[in-house]
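K.L.:
Sequence:
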Amino acid sequence: MRSPYSYLILQRITYLNSNYNVDVNVKVIFPVAVRTPGMFSGGVGGTEEGHAPGGRWYKWADTVHDTARVAKYEGIPYRFTDPDPIVQNHWPFENPNSGYILPLEEQPYIAWLVRLANAAQLAGKCLEFVNHASPLIWGGRSDFWPAEIEEAFNKTGLDYQATIKDIQQNPEKYDAVWQQNQVEFLASGHGGVPNSVFRGEPFFGQDRFDLLFWRLRQNGLTTRPEPRPPFTTRPLRWPTGY
Numbered sequence: 001m002r003s004p005y006s007y008l009i010l011q012r013i014t015y016l017n018s019n020y021n022v023d024v025n026v027k028v029i030f031p032v033a034v035r036t037p038g039m040f041s042g043g044v045g046g047t048e049e050g051h052a053p054g055g056r057w058y059k060w061a062d063t064v065h066d067t068a069r070v071a072k073y074e075g076i077p078y079r080f081t082d083p084d085p086i087v088q089n090h091w092p093f094e095n096p097n098s099g100y101i102l103p104l105e106e107q108p109y110i111a112w113l114v115r116l117a118n119a120a121q122l123a124g125k126c127l128e129f130v131n132h133a134s135p136l137i138w139g140g141r142s143d144f145w146p147a148e149i150e151e152a153f154n155k156t157g158l159d160y161q162a163t164i165k166d167i168q169q170n171p172e173k174y175d176a177v178w179q180q181n182q183v184e185f186l187a188s189g190h191g192g193v194p195n196s197v198f199r200g201e202p203f204f205g206q207d208r209f210d211l212l213f214w215r216l217r218q219n220g221l222t223t224r225p226e227p228r229p230p231f232t233t234r235p236l237r238w239p240t241g242y
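Residues 1 to 242 (the numbering used here) make up the sequence shown, in order.
Treat the hints as calculated values from the structure; they're not laboratory data.
Fair warning: this is a prediction, and the values are worked out from it, not measured in the lab.
One or more hints might be untrue.
Calculated pairs, SDA-like style, for lysine to any residue (alpha carbon to alpha carbon, straight line, at most 25 Å) [stated by the list, open to error]:
| hint | residue 1 | residue 2 |
| --- | --- | --- |
| 1 | 59 | 136 |
| 2 | 72 | 176 |
| 3 | 59 | 194 |
| 4 | 72 | 205 |
| 5 | 27 | 105 |
| 6 | 27 | 241 |
| 7 | 27 | 220 |
| 8 | 59 | 69 |
Here are the simulated distance ranges between beta carbons [as the list claims (entries may be wrong)]:
| hint | residue 1 | residue 2 | range |
| --- | --- | --- | --- |
| 9 | 32 | 241 | 23 to 31 Å |
| 10 | 141 | 187 | 32 to 40 Å |
| 11 | 141 | 237 | 19 to 27 Å |
| 12 | 123 | 182 | 18 to 26 Å |
| 13 | 183 | 104 | 25 to 33 Å |
| 14 | 208 | 187 | 17 to 25 Å |
| 15 | 241 | 175 | 39 to 47 Å |
| 16 | 175 | 225 | 36 to 44 Å |
| 17 | 179 | 106 | 17 to 25 Å |
| 18 | 61 | 227 | 36 to 44 Å |
| 19 | 108 | 215 | 22 to 30 Å |
We treat Cβ as the ideally placed atom computed from N, Cα and C, and that holds for glycine.
Just need the whole structure built from these sequences, with the hints factored in.
P.N.:
Spelled out as structure tokens, the structure:
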């Protein structure tokens, strides 16, 4: 939900799930920034040689520029999220507070998003929810995406208000989901997202989709007689001939 690269692979994995004989099971976890407190903070996690406080000096600017470039190349509507689902400081790097990330319990958005995704996963509707929510966050469809998440959740056929009430009354039920997702994620042998896993083999990054598709074809991937929801248009750069 937080990774722009996860958004940039979304159309392709949705089209794959809709049109081919494979089930895409989306499993949302907390971003590494809140899973690993201090990771990006020079004051907490230390300063690597050649790196500014707040993590690798180039990473933030590179992500902003690279994601816009990938989106244009793939023909995907894109605008860097505002507000950021994670409240954090990025700039200037010489500022001792650069890289500071609010503790999870003080984050206004990310725990809410993750637990809603976990609720959708329990109902078998996580891919559908992500398709409704992620374009609001990353696709420029909303001027203030938090105000539209309730409607996005309800579009899956689930009840937002009832789900929020259950999350508040039974938080351990939803914590168990993301915790198990994280166990499976780490067991794949990679720590980055998006991470597509097929029979234990990780394919990290939106730019590994073609390799994933190739591996699926090696294992009998075929087209469905009829597409199934959630639906999406054929991606601009879908593998040639398939």
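K.L.:
All the hints need checking, so say for each whether the structure fits it.
P.N.:
Now the hints, each set against the structure:
no.: 1; hint: 59 with 136; result: holds, 24 Å
no.: 2; hint: 72 with 176; result: violated, 37 Å
no.: 3; hint: 59 with 194; result: holds, 17 Å
no.: 4; hint: 72 with 205; result: holds, 17 Å
no.: 5; hint: 27 with 105; result: holds, 21 Å
no.: 6; hint: 27 with 241; result: violated, 30 Å
no.: 7; hint: 27 with 220; result: holds, 24 Å
no.: 8; hint: 59 with 69; result: holds, 15 Å
no.: 9; hint: 32 with 241: 23 to 31 Å; result: violated, 37 Å
no.: 10; hint: 141 with 187: 32 to 40 Å; result: holds, 35 Å
no.: 11; hint: 141 with 237: 19 to 27 Å; result: holds, 22 Å
no.: 12; hint: 123 with 182: 18 to 26 Å; result: holds, 20 Å
no.: 13; hint: 183 with 104: 25 to 33 Å; result: violated, 18 Å
no.: 14; hint: 208 with 187: 17 to 25 Å; result: holds, 18 Å
no.: 15; hint: 241 with 175: 39 to 47 Å; result: holds, 44 Å
no.: 16; hint: 175 with 225: 36 to 44 Å; result: holds, 40 Å
no.: 17; hint: 179 with 106: 17 to 25 Å; result: holds, 20 Å
no.: 18; hint: 61 with 227: 36 to 44 Å; result: holds, 39 Å
no.: 19; hint: 108 with 215: 22 to 30 Å; result: violated, 39 Å
When each numbered hint is compared with the structure, violations occur for hints 2, 6, 9, 13, 19.
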